[in-house]
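Q: Spelled out, the chains give:
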Amino acid sequence: MADKRKIDARGSFCPGPLMELIAGIKAANVGDELEVLSTDRGSAADIPEWIKKVGHELLTTTEENGVWHITVRKTK
Amino acid sequence: MVSDKISIILVSELREDLQMAGMIASVGAVSGNNVSVLISMNALKYFLKGANDKAPVAGHMGEMLDRKKAPSFKTLFEQAAELGDARIHPCSMAMDVLGVEWRDLDTFLKEPMGLTKFLDDARGGQVWSF
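Residue numbers (the numbering used here), protein chains in the order written: chain A, 596 to 671; chain B, 17 to 146.
Read the hints as simulated data drawn from the structure, not as lab findings.
For each residue, glycine too, the CB sits at the ideal point set by N, CA and C.
Among the clues, some could well be false.
[Said to hold, decoys possible] Here are the computed distance ranges between Cβ atoms for each label pair:
(1) A:648 <-> B:120: 28 to 38 Å
(2) A:622 <-> B:141: 42 to 52 Å
(3) A:597 <-> B:70: 36 to 46 Å
(4) B:77 <-> A:598: 31 to 41 Å
(5) B:67 <-> A:618: 37 to 47 Å
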C-alpha cells in the first residue's frame, strides 16, 4: 500500500528543498506520495522542473501564505 | 532522461564560489547528468577530514549565505556524490603540495586524479571552473 510522507523544508534555501525531496524519494517505494513544503521561491519553480525531467508524477503545486506545497508520486 | 556530462574544476577558497560549484554539482548530478569534480588549489583544504568549512566571503551575498539557512557547500558536494553519483576527485598535484594522502580527505572523495585524465574525461561536455 502506497505511503504519504511530508517533507518540511521551510526556511531552507535552494537547492535544499530539492535535495531533501530527492533523499525522500530515494527512500520511498514506487507509488508513494511525497509532499514537500518550501518557503524558497526558486525551489517552487525548480522542483516541478526536476520532477518533469526525471519522470516522476507531479500531483499538485499550491501556495499558501508564502509556503509552497508540492506533491509528487514516485513512479520508478 | 538525457544524460549530459558536466565537469567542474574547483580551485577557489571563497564561500560564494564554493557554494555555486556545489549547487551545480548537486543539482546537475541528481538531474541525471554525469558530473565530475576536480578539487584543487585553495579549495582542497576544506575537504580534509574534520576541516572547518567556514570560508571567507567575497561580498554581501556570502555574508547573507552565512546568516540564512543556505546549505553548506560541503553538504552539497556530499549530496552530489551520495544522491546523484557525482564523482568528486582531489587533484593529485594539490595533494602533493599540501602533503596529504587520500585517507586524509573526506570519505566521499574518490581516488586522486591528475589534470590530464580529468580533461580527457571532460571532452565533449560542459566544463565549469570556480
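Q: Take the hints in turn and mark each one as holding or not.
A: Hints and how they fare:
Checked against the given bound of 28 to 38 Å, the beta carbons of residue 648 of chain A and residue 120 of chain B, roughly 37 Å apart, stay inside it. Distance hint check: the CB atoms of residue 622 of chain A and residue 141 of chain B are about 30 Å apart, inconsistent with the given range 42 to 52 Å. One distance hint, 36 to 46 Å for the beta-carbon pair residue 597 of chain A and residue 70 of chain B, holds here, with the actual separation near 43 Å. Checked against the hint of 31 to 41 Å, the C-beta distance between residue 77 of chain B and residue 598 of chain A comes to roughly 39 Å, which is consistent with it.
Roughly 24 Å separates the CB atoms of residue 67 of chain B and residue 618 of chain A, a value that falls outside the hinted 37 to 47 Å.
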